[in-house]
Amino acid sequence: MDRPLRLVAANPVDQLARTIEALLVVASQPLSIDDLVAATEDDSERVETAVGLLSDRYREGRSGIVLEQVAGGWAFRASREAAEACARLYERPVEKGLSNAALETLAIIAYLGPCSRPDIARIRGVNVDGVVSGLVERGLIAEAGRENEFGAVRYRTTALFERVFGLESLAALPRLDDLGADVTEIRARLEAVAEKRPA
Amino acid sequence: MDRPLRLVAANPVDQLARTIEALLVVASQPLSIDDLVAATEDDSERVETAVGLLSDRYREGRSGIVLEQVAGGWAFRASREAAEACARLYERPVEKGLSNAALETLAIIAYLGPCSRPDIARIRGVNVDGVVSGLVERGLIAEAGRENEFGAVRYRTTALFERVFGLESLAALPRLDDLGADVTEIRARLEAVAEKRPA
Amino acid sequence: MPIAVRELELDLDAFEGPFDLLLTLVLREELPLREVDLAGIVVAFVERLAERDELDLEACGEFLVLISALLELKARGLFPEEDAELAELEPEEAAEELARRLAEYRRAKEAAAWLLERLGERRDVYWRLGPAPLAPARPEPKLAPQRPDKLATALRALSVEPPAPSLAHMALRFPPTSQFLERWRALLRRRTRVDFDQEVEGLSRVEVAVAFLALLELRKQDEIAISQPAPFAPIRISRADAERSLSWTVRSA
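Chains as they are written, first to last, in our numbering: chain A, 1 to 199; chain B, 1001 to 1199; chain C, 2001 to 2253.
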């Protein structure tokens, strides 16, 4: 006689709800009832009950975490009352300078003209994928076609780059006559040095 | 007369805790107390109290969402209880298939601080170019300037590294002296072996 | 059971006993390294490896570190005047350096083992990678005005010849393994199978050694398969995709 009572007391949907909470906090996309059923290996009716329980627990006014139903399914969001704090969290301070890696990469593209990732990697002596993507994301460089039909994508500096560095055009870059007479010479010199640098 | 009583009942730290919950659920990285202070515009003592409250509410066994202190801040994760369900839904791209070579390289960078590929190669006795670019791709290490103005690029471990290995900070790494013998010890050990051998 | 490299039994002209003891005697300078046949140690190790069905990469790694340290010491002893900076290093200092490096490598290995254990403890911990599904949009990052001469400085720094590498850490100046990695890869793009001895003909000893290290690296990355019917028999290399089934097995003659 004891048993059924204990089962009710433990409320098995509660455990399921905890698992669903966990799945939702790890998700980077909304999860549908089908997703949740597949992950919990439980039946959809119980999953819907558990989600109902959670959307009451995580509701506006009661919790800072709010469970919301959107087109793709269910997802956690920040409560409206925390909107200002979230905006402050996402606000990015104006960056004072660029990392060494970013500066080297920008300098290579600005002085040598459109370059591909392998070109830049050859001169810097390291893989540059991360740095290049970072500069693209910040709008300082942009794609400028391919080396040839099947070649690597090349990058050029943008108008934002010129604005940030206070240049009217790329022709206004400080001169580097000491490194070579023209771009070809400078490039050859940089590549020769790169080969001698420790890996 | 009513008012002060109502304020006490509402427990102002509770409201702050709700805001912090909201910040933590949208953040992409662990948030330090300083981050939380800046976003909530509240004072650090109250923020710490609120975080304490939350880490009790979101703890293993009580909730599917667990608040943990990791990589220099606080972050939500799924409860261990929900690991199986999570495994059905999510990959572990960062730590999946980390080779011994990768772990040794990570260990060297984590312990020695920023170091270059030649530094690592010297200790491991083999070329590490492939291993290092693999770790950069996974986001476990990142560039940290050059050895000197003209030297090799150095690498450091990232916050993601601390998170993957569940470290509060790099200071949480065990002391190397506790792990291995130092020079005199290793010499002594070798000599002891020599003396034990029949001549 | 992994191979205990340090317990490897050696039977050489100048020395008979375990590898561990040989190291000790060398470190205490009771055994002049120039009299030790390092190739003999390699043969003993390879024979030990051959007794097993599968490749013990762990032991190979440890062995390579130890043997290369010995090679380095020996090279230093044989060519003392080759480099002034090298010659300045007393044998005692060199031995100290060897012991230091062995300890350093061992610590790195132990730290790696600790990290692996840690990874195991975190196996059932999941967290979100990437942005939250309903997170507010992130504003564009803003960059303060920058001075253009910083660009010129960055490029100038890249055009300066690096200073001669410091020898303080006793690194042997081997040609980089990467060079040989690329050579092997290029070769194997054109041909599915090559013979090691043929390809390294005419190279210096050091270059042959590095070429071999590059092979091991490619094997480790599963790009190639290596086979050798008996010690000192020709080493054959084939592209892994051409011959997935061929695993590296070394059999004694």
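Warning: the hint list may mix true and false statements.
To be verified - In silico lysine-lysine, DSBU-like type, Cα no more than 30 angstroms apart, as pairs:
1. K2074(C) x K2220(C)
2. K2074(C) x K196(A)
3. K2150(C) x K196(A)
4. K2150(C) x K96(A)
5. K1096(B) x K2220(C)
6. K2142(C) x K96(A)
7. K196(A) x K2220(C)
To be verified - DEER-style ranges, computed between Cβ atoms:
8. K96(A) x E2029(C): 51 to 59 angstroms
9. D43(A) x R2190(C): 52 to 60 angstroms
10. N148(A) x E2009(C): 38 to 46 angstroms
11. G130(A) x D1014(B): 36 to 44 angstroms
Said to hold, decoys possible - According to the in silico footprint, chain B covers these stretches of chain A (three or more CB under 8 angstroms from chain B):
12. 81-91
13. 115-129
Hints in this document: simulated from the structure, not taken from any laboratory.
None of the values given here were measured: they were computed from a predicted structure.
Quick reminder that beta carbons are idealized off the backbone N, C-alpha and C, glycines included.
Okay, which hints does this one fail, numbers in order? Failing hint: just 10.
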